[in-house]
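Place chain C on chain R using the hints.
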Amino acid sequence: MSLNKIEAARGWRVRSTQDLAAGLFMIALAGLALLLSSDLPTGTLRQIGPGMLPKAFAWICAGLGAMLAFNSLRYNGEKLAGWSWRGVIFVLGAAVVFGLTIRGFEIGPLKVPQLGMLVSGPLVVIISGLAAEDVKIKEIVIFAIAMTIGCALMFKYALGLPIPLAPWLLGI
Amino acid sequence: MSEMLAHLSLGFGVALTLKNIALCFVGCLVGTLIGVLPGVGPVATIAMLLPITFGLDPVGALIMLAGIYYGAQYGGSTTAILVNIPGEATAVVTTLDGHQMAKQGRAGVALGTAAIGSFVAGCVATVIIAALGAPLTKLALLFGPAEYFSLMVMGLCFAVVLARGSILKAFCMIMLGLLLSTVGTDLETGQERMTFGFPPLSDGVDFAVLAMGVFGFAEVLRNLETPEARDVVKSKIGRLLPDWNDIKQSAAPCLRGTFIGGILGILPGNGAVLGPFASYTIEKKLAKDPSRFGKGAIEGVAGPESANNAGAQTAFIPLLTLGIPPNAVMALMVGAMTIHGIIPGPQVMTKNPDLFWGMIASMWIGNLMLLIINLPLVGVWVKLLQVPYRLMFPAILIFCSIGIYSVNNQPVDVAFTALFGLFGYLLIKLGFEPAPMLLGFVLGKLMEEKLRQALIISRGSFMTFLERPISAGLLLVAVIILVIALLPSMSKKRDEVFTE
Chain R
17 MSLNKIEAAR GWRVRSTQDL AAGLFMIALA GLALLLSSDL PTGTLRQIGP
67 GMLPKAFAWI CAGLGAMLAF NSLRYNGEKL AGWSWRGVIF VLGAAVVFGL
117 TIRGFEIGPL KVPQLGMLVS GPLVVIISGL AAEDVKIKEI VIFAIAMTIG
167 CALMFKYALG LPIPLAPWLL GI
Chain C
3 MSEMLAHLSL GFGVALTLKN IALCFVGCLV GTLIGVLPGV GPVATIAMLL
53 PITFGLDPVG ALIMLAGIYY GAQYGGSTTA ILVNIPGEAT AVVTTLDGHQ
103 MAKQGRAGVA LGTAAIGSFV AGCVATVIIA ALGAPLTKLA LLFGPAEYFS
153 LMVMGLCFAV VLARGSILKA FCMIMLGLLL STVGTDLETG QERMTFGFPP
203 LSDGVDFAVL AMGVFGFAEV LRNLETPEAR DVVKSKIGRL LPDWNDIKQS
253 AAPCLRGTFI GGILGILPGN GAVLGPFASY TIEKKLAKDP SRFGKGAIEG
303 VAGPESANNA GAQTAFIPLL TLGIPPNAVM ALMVGAMTIH GIIPGPQVMT
353 KNPDLFWGMI ASMWIGNLML LIINLPLVGV WVKLLQVPYR LMFPAILIFC
403 SIGIYSVNNQ PVDVAFTALF GLFGYLLIKL GFEPAPMLLG FVLGKLMEEK
453 LRQALIISRG SFMTFLERPI SAGLLLVAVI ILVIALLPSM SKKRDEVFTE
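Chains as they are written, first to last, in my numbering: chain R, 17 to 188; chain C, 3 to 502.
In short, the hints are calculated from the structure, not lab data. These numbers come from a predicted model, not from an experiment. Treat the hints with caution; some may be incorrect.
Stated by the list, open to error - Distance windows between CB atoms, simulated: (1) C/SER204 - R/LEU175: 46 to 56 Å; (2) R/PRO183 - C/GLU227: 36 to 46 Å; (3) C/SER293 - R/TYR91: 30 to 40 Å; (4) R/TYR173 - C/ILE169: 42 to 52 Å; (5) R/SER54 - C/SER204: 15 to 25 Å; (6) R/MET83 - C/SER204: 41 to 51 Å; (7) R/ALA44 - C/GLN349: 37 to 47 Å; (8) R/ALA44 - C/LYS447: 23 to 33 Å; (9) R/GLU155 - C/LEU478: 51 to 61 Å; (10) C/GLN388 - R/ARG29: 40 to 50 Å.
All C-beta atoms in this analysis are idealised placements derived from N, C-alpha and C, irrespective of residue type, glycine included.
The shape of chain R in the complex, shown without the other chains:
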């Protein structure tokens, strides 16, 4: 945290890109919250309006963000590390695919029928599995089938949750 004299004498510069980015991120979020809550009445202390706390919290967030950004110029800290897009795309993409296919959806001309868990389940496992660098296709396919059967038995039958299995094939 602390700097020695030589380092301190070199004046202010960005000493932690991570903290600077974190500070700016907090300020941006606070800005968004302030924008969204701008038309909510603040009210008075005696009768607090719906806008008072969101605005107050947002201002505190902005203040903390400013402090973080300011500190990043004074103290040494971590550098901003790179993103792993592979993980983001496959892992989060898999979850989105599950959400879209489990009961089907319609966005404009795009129509996906209700596929149910027997299709969505393996899709999640296989798509997300691709995120690992040491993925083995045969292994993940077998694992996907086994996991889906296991989950179907557990969630649908043992726990009795109303989750569609394969309405287009089995009618349930």
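Quick look at chain C alone, frame taken from chain R:
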């Protein structure tokens, strides 16, 4: 005293029904199973397994969730000893000596000591909860909105001070959690707040969606990036039961650990985290030959493990008596209780005594079960540790996806969770530790409600928080700990404690 016994017998009556014993058993087993997997801590485990309790009645659901909680906690120490990976913050200390013992071929003894120490701590903690539950609940009934508000402020201050990493960043996370909690329809005026005019948001951000996104998905993304070096112990596990010498060496540390952990666990704001660290430091100070620590000293396993378990259990006290969760795991419990239609707080004990005392009694039964399941099943857990992460995380994903979908039967929720996963990943990249955010999020709504009530009663005067003695005292404590933590000499010490 007789009142306490009557309560406990009511509790055991509830907990000892065949169904509840079975639920407790399943909870402990599943919790340990998932907790053993490296990279899946108690928060993620409970978030993931929340849906499997949906079909149960509230008492059964909470008994099972509590079982999952201490199962996961216990599983975390197994991983710490055998693989040198702490499942979560409190197991860090166990890796120091536990893993060394395992390397010396005494893995079995380390696991056995941890299990027995946890059991002893669990028994004591259960009695403490039973003894303190009723008086604290009576105290809580004296609390007005102002006191509640100040208590939550104090809890959040503790959470900031005790969080890992930078204090400023922990503060940011709490405030972000509070800000997120204001999204949705305002309860008093019915006005929509910060919803982008998007209907699914008018009920606010769903708790399960936030928790699973930030602790399920984002954790997977974090783990994928850092391929862990798994240092699974190759040598034999060895005998499990400690011999007479081991018992003599570990009995006193175990009792001291229980005491320290139990007291720290009651503190609002994640005091339980401190228990193992404090216990380890004390054992090292008291030892005749401190140089043995870090090289496989059995006291270094017995003390912190007992402290860990005692703290994990007494952390239920603020939740059950005041309705205020002290850490992220208890925040999840609040979420679970709300899903089952129970509002945590002092009224739980009077309105649902069977739930309150049943849960407490089941904690003792759960601890006994952990002892019984864990020791013979160690071999299974070791096998489980060899499951590669490339298969583990797709399994986590399908579980989370089905789970989130089942909360409201809303496919949109799964996509929302992915969005929060991205958000959580961004937070991790920016060096934030997301656990305090969940706490802020859960306390936010309650804090707003109490703040409004307090100000209506005081006719808009903020002085009410300082004029009422209990409230002023709580705020004073909050200020004192913040000041102490920000003192330069203390912040250096704090860094040492968390990096040790």
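Earlier hints that do not hold, by number: 1, 6
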